[in-house]
Amino acid sequence: MGKMIWLRDETKPFEERSALTPEAAKVLMLLGHEVIVESSKNRIFKDEEYSRLGCTITKSNSWITNAPAGAIIIGLKELEEKEFPLIHRHIHFAHVYKGQDGAKETLDRFIQGGGKLYDLEYLVDQNDRRIAAFGHWAGFVGAALGVQFWVDQQLNLDSNNSTLSPYKNQSELISSISTHLDRSLSKPRVLVIGANGRCGKGATSLLTQLGLDITKWGSKDTKDRGPIEEILDFDILINCALMKNKSLPFLNAQTIQKERNLTLISDVGCDPTGPCNPLPIYNQITTMDRPLLNYNIKGGPLSITAIDHLPSLLPRESSEDFCEQLMPHLIDFLDNKIENTPWEKSLEQFFRKTIELGLRHNLSVNTNLTQ
Numbered sequence: 626m627g628k629m630i631w632l633r634d635e636t637k638p639f640e641e642r643s644a645l646t647p648e649a650a651k652v653l654m655l656l657g658h659e660v661i662v663e664s665s666k667n668r669i670f671k672d673e674e675y676s677r678l679g680c681t682i683t684k685s686n687s688w689i690t691n692a693p694a695g696a697i698i699i700g701l702k703e704l705e706e707k708e709f710p711l712i713h714r715h716i717h718f719a720h721v722y723k724g725q726d727g728a729k730e731t732l733d734r735f736i737q738g739g740g741k742l743y744d745l746e747y748l749v750d751q752n753d754r755r756i757a758a759f760g761h762w763a764g765f766v767g768a769a770l771g772v773q774f775w776v777d778q779q780l781n782l783d784s785n786n787s788t789l790s791p792y793k794n795q796s797e798l799i800s801s802i803s804t805h806l807d808r809s810l811s812k813p814r815v816l817v818i819g820a821n822g823r824c825g826k827g828a829t830s831l832l833t834q835l836g837l838d839i840t841k842w843g844s845k846d847t848k849d850r851g852p853i854e855e856i857l858d859f860d861i862l863i864n865c866a867l868m869k870n871k872s873l874p875f876l877n878a879q880t881i882q883k884e885r886n887l888t889l890i891s892d893v894g895c896d897p898t899g900p901c902n903p904l905p906i907y908n909q910i911t912t913m914d915r916p917l918l919n920y921n922i923k924g925g926p927l928s929i930t931a932i933d934h935l936p937s938l939l940p941r942e943s944s945e946d947f948c949e950q951l952m953p954h955l956i957d958f959l960d961n962k963i964e965n966t967p968w969e970k971s972l973e974q975f976f977r978k979t980i981e982l983g984l985r986h987n988l989s990v991n992t993n994l995t996q
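626 is the number of the first residue of the sequence shown in the numbering used here; add one for each residue after it.
Hints in this document: simulated from the structure, not taken from any laboratory.
Wrong hints could be hidden among the right ones.
Claimed, not checked - Straight line, CA to CA, 35 angstroms or less: simulated DSBU-like cross-link-like pairs of lysine-lysine: (1) K637 x K723; (2) K793 x K651; (3) K871 x K723; (4) K848 x K702; (5) K962 x K684; (6) K845 x K883; (7) K666 x K628; (8) K684 x K729; (9) K707 x K684; (10) K871 x K923; (11) K671 x K684; (12) K702 x K666; (13) K923 x K826; (14) K962 x K628; (15) K651 x K707; (16) K841 x K812; (17) K793 x K637; (18) K883 x K826; (19) K845 x K812; (20) K671 x K793; (21) K723 x K962; (22) K707 x K628; (23) K723 x K845.
Unchecked claim - Derived Cβ-Cβ restraints for the label pairs, each shown as a range: (24) K962 x T804: 46 to 54 angstroms; (25) E973 x G925: 45 to 53 angstroms; (26) R808 x K707: 39 to 47 angstroms.
Backbone N, C-alpha and C fix where the C-beta goes; we use that ideal spot for every residue, glycine too.
Generate coordinates for the entire structure from the input sequences, incorporating the hints supplied.
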């Protein structure tokens, strides 16, 4: 029997990506499933691209009141901070398992409503490798912004004066950054930490195409080290390290006040409020309309960009790539093939965290994986 999958409208400002492309929705319908798509003014794929393929279009945020209890709600970014209980199965990046602000309250909403969270970040295979990720594009865009803002510094331009806008494709982005780089009399030395992962490879791909001097560090270069003063020798730091456990910081408040070349940090890892943050020198994310935090400190000016949805600046390419990775697994999920799969691992993480937070005592629903 076919399932109902409900693509919700993203509520995060400047988010244009989609967890489900029109072509993917068509495949699901051909397999017998019903696809409901919430109307969106921001999504890179227009409503008409879905409707002409047979999807039902409904009002933005109508999943809250209109989606049947059995519907599967899919999105990308976290839900808005509200208080009503969550009764559905949700698939998205929730950012609630690393002690982030508001995490306990969000998980409690699932417990109170009997819903389940399948966090996309925790859909991992037998080797604990994520089966679908935006990491490449996050690194690619994060490196591009690092270079762009560094050039702005050289030209005494205020990067916060204008809102960042999406690019049509990566070629347009590379051309724009390359032209901007040509305005600088010098070229930066760039350090990429976490260079061996998806994110790091995306960053080095962009930097290589710009012809820049890149130094690549993997986990062996940072393990059991910190703070690492050698980082101060570089002009730009691109942090692509995914930290699952608390470790020594790459930099701290004392280190950055020393004499340094470093003036720009692009923190693609972007976990400023989490306990695993390897750069505890700032405590808030930045946004598309205010992309930089600027500090005038001993040692010289330092700017940090930490946008938590960087692939939104390449929304079409990143959505298509992500959806292609996710689709085989989503089809299995809709066919109830969940046991011993990444879906089961993600759900186990949900139950594990609710227990750790003392929330399971309110749980009065069954734990059937397919309901």
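Inset, instruction - Would you pick out the hints that fail for this structure and give their numbers low to high? - result: No numbers; nothing is violated.
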